[in-house]
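Residue strings, one per chain:
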Amino acid sequence: MVDDTILKISGLSIDAVTTISRKRIVESFDLEVKRGEIYGVVGETGSGKSISMMASVGLTANGLEVSAGTVEFNGKAVEASRQKVLRGNLAAGVSLLFQNAKGALNPFLTVESQIHRVLNLQRVSKKERSRRVQELLVAVGLDPDGIKHKYAHEISGGQAQRVAMACSLATNPQLLIADEPTTALDVTTEREVLEFLKDLCVRRNMAMILIAHNLALVSENCSRISILHAGHVVESGDVAEVFQNPLHPYTQGLLTAIPDVDNPHELVPLDGSVWGGPSLVNRCRFSHRCSCAQDGCNEGIPPMVQIASNHAVRCLRYGGNN
Amino acid sequence: MSDVVLSVRNLYKEFPNKLNPKALRAGVRGVNLEVSRGEVVGLIGESGCGKTTLGRCIARLINPDSGQIIVNGKDFGAMSGETLRMYRKHVQVVFQRPETCLNPRMSVYQFINEAFRNFHTCERGGERDKIIQFSRMVGLKEDAVDYYPHQLSGGEKQRVAIMRALACDPSVIILDEPTSALDVSVQAQVLKTLKELQRDVQTGFLFISHDVAVIRYMCSRVMVMYLGVIVEEGPADLVFTSPRHPYTRALLAAVPRLSQVDRSADKLRGELIMSDVTPEVCPLLPRCLHAHDKCKTRPPMFDLEQGHRASCWMLE
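Going down the list, the protein sequences come from chains A and B.
This note's numbering puts the first residue of the first sequence at 21, with every later residue one more than the last.
This note's numbering puts the first residue of the second sequence at 12, with every later residue one more than the last.
No lab work stands behind these hints, which were simulated from the structure alone.
Treat the numbers as computed from the prediction; the structure is a model and nothing was measured.
For glycine and all other residues, C-beta sits at the position ideal for the given N, C-alpha and C.
Honestly, I wouldn't trust all of these hints.
[To be verified] Reference listing, derived: stretches of chain A covered by chain B, where coverage requires no fewer than 3 residues with Cβ under 8 Å from a Cβ of chain B:
| # | region |
| --- | --- |
| 1 | 121-133 |
| 2 | 181-187 |
| 3 | 197-208 |
[Stated by the list, open to error] Straight-line C-alpha distance at most 30 Å; calculated DSS-like pairs for lysine-lysine:
| # | chain 1 | residue 1 | chain 2 | residue 2 |
| --- | --- | --- | --- | --- |
| 4 | B | K85 | B | K206 |
| 5 | B | K33 | B | K100 |
| 6 | A | K122 | B | K100 |
| 7 | B | K278 | A | K218 |
| 8 | B | K152 | A | K43 |
| 9 | B | K206 | A | K122 |
| 10 | B | K29 | A | K168 |
| 11 | A | K54 | A | K168 |
| 12 | B | K206 | B | K152 |
| 13 | A | K168 | A | K96 |
| 14 | A | K28 | A | K218 |
| 15 | A | K122 | A | K96 |
| 16 | B | K33 | A | K122 |
| 17 | A | K218 | A | K170 |
| 18 | B | K278 | A | K170 |
| 19 | B | K203 | A | K168 |
| 20 | B | K33 | A | K170 |
| 21 | B | K206 | B | K141 |
| 22 | B | K33 | B | K305 |
| 23 | A | K147 | A | K168 |
| 24 | A | K168 | A | K122 |
| 25 | A | K168 | B | K33 |
| 26 | B | K29 | B | K100 |
| 27 | B | K100 | B | K203 |
| 28 | B | K29 | A | K170 |
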């Protein structure tokens, strides 16, 4: 049987370590992404969405430590802390795309030499190289001759993001992790870039993980979604199912807190902040903001409860008392 | 018309491109606007269109090239020296990043008190009571009055910034992307507070944002800006339900939504490139799918209905 899972993360936990303390900032993070799928990871600032995704491909910032969990890419285990693995096994399969595209481009290099650097890593011959650059720039919807010799400061934000995309695609990745790729762009450009990314996924049968804080953006572009709050996945499932039938109080709260363009409604803000709770250890990390918190919420982490085949939620109200 | 607190006439502020003097200048080109007491007027536009420049001009943080700024019936734009300094009390600004406008070495109390001292808006001895009253208005807990900025969260800092603006007893408050740096749940808290404030205090608000949904929630009247000019304005309900300018239509269609909408019809070509536009043409010309020969001259504002106006030759 051909396994169509490309990335499988199970029980990933990440600690922030200092000389005197150790804080678990991401706890038992599970995720399974299928080939060709667009998966959304959503959360507020500091909810751990970026660090957990980056850690899963072996990028952990200083002071962070993966303390538990396994990551499998294409059926092979990834050892998170080994640079060599990154260069070899992963670099061929995974590409990253960041929010600040201009920051991701080297200001001293022209667009062309920028892409050359990525191709050099793969030992592409000189002859082949210029053909590939041409091809990649066309693939991301840019005019190669017009932009090839420009520097990062000479191009617009949307163009820079497209160049960054060309660099990411140069390795023919099977998985693209896009960390807020359009947050720095205007809405009209944002839509164009996203439609384009979606189209690429279809054409290349590439999977994409879209990390975003904008729920609407994810609902429009992804097929499945995980919602994070303070390092816990609180709800996950098919996008349509999660948004039509939100079960976790946090998801419900988020949906009433977002202003709607078409039918303006009264906003019902969520109280408190993501990390405002009394402690992090062994409790539901949303209980301090939750209107229906019970005693049990502070006694142990609620398990992920599978409500339907395409919907899971981490809340005691839906069972799973341990 | 006595309740118009802010009126801007034909305001210009341009930043010339020294390398290419003939190119379109960034900034604000001939903007007219009016804000009445107790009204929230929204200004939407994408980055670089001049919305912040307009806000800064109105507050006289930068000086406009030409045009009139009339606040409470007096020509604020022409003031200078001590008169200007004292009149600044009437026009207050809340910026996008509250942490940059708070003084890290002053507690909230000291910070607000400065505004009282500066403009004599509170009699001696009554400061604490008044500050606590303001903190209730903006939804800041009472203990926080003696906190320093590092003890406050992002949302609380923004509330302090709003408090400081209110402490000057202004006629107009310019809110320049007040919630863009905040998370959705915190944004909702601050927006709700602002909406309640608008009911309670008789101040005019100019709400600048790139977030269409936020403007929709907050404002009764909106203006849409593109490359330094207002392309459409009118009551929020009309502009949002039946936008007439191609740019407004594309902007509204591009907004991500939770509910699925068909938006294939309203699109623009490419992205904003300043060098493609010259001052004489319709600013949207290089990107508009409906552009024709007439668009090579700049269209005037066409009156539609109930104060709804848009600047496009298709509406002639």
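Going down the list of hints, with the structure as the test:
1. 121-133: n = 0 at 8 Å, threshold three: violated.
2. 181-187: Check failed, 0 qualifying residues.
3. 197-208: holds (count 3)
4. B:K85 to B:K206: 28 Å, holds
5. B:K33 to B:K100: With Cα atoms ~39 Å apart, K33 (chain B) and K100 (chain B) exceed 30 Å; violated.
6. A:K122 to B:K100: Answer violated: K122 (chain A) to K100 (chain B) is near 40 Å, above 30 Å.
7. B:K278 to A:K218: 18 Å, holds
8. B:K152 to A:K43: The hint holds at about 28 Å.
9. B:K206 to A:K122: 37 Å, violated
10. B:K29 to A:K168: The hint holds at about 25 Å.
11. A:K54 to A:K168: Given that 30 Å is the threshold and the Cα spacing comes to 34 Å, the pair is violated.
12. B:K206 to B:K152: Given pair K206 (chain B), K152 (chain B) holds - Cα atoms ~18 Å apart, limit 30 Å.
13. A:K168 to A:K96: 37 Å, violated
14. A:K28 to A:K218: 21 Å, holds
15. A:K122 to A:K96: Not satisfied, since the Cα-Cα distance of roughly 33 Å exceeds 30 Å.
16. B:K33 to A:K122: At roughly 27 Å apart (the allowed maximum being 30 Å), K122 (chain A) and K33 (chain B) satisfy the hint.
17. A:K218 to A:K170: 27 Å, holds
18. B:K278 to A:K170: 28 Å, holds
19. B:K203 to A:K168: 48 Å, violated
20. B:K33 to A:K170: Roughly 22 Å separates the two Cα atoms, so the pair holds.
21. B:K206 to B:K141: 21 Å, holds
22. B:K33 to B:K305: 22 Å, holds
23. A:K147 to A:K168: 16 Å, holds
24. A:K168 to A:K122: The given pair, whose Cα atoms are some 15 Å apart, holds under the 30 Å limit.
25. A:K168 to B:K33: Holds: K168 (chain A) and K33 (chain B) sit about 26 Å apart, inside 30 Å.
26. B:K29 to B:K100: Violated, because 36 Å separates the two Cα atoms, which is more than 30 Å.
27. B:K100 to B:K203: Holds, at roughly 25 Å.
28. B:K29 to A:K170: Since the Cα atoms of K29 (chain B) and K170 (chain A) sit roughly 20 Å apart, the hinted pair holds (cutoff 30 Å).
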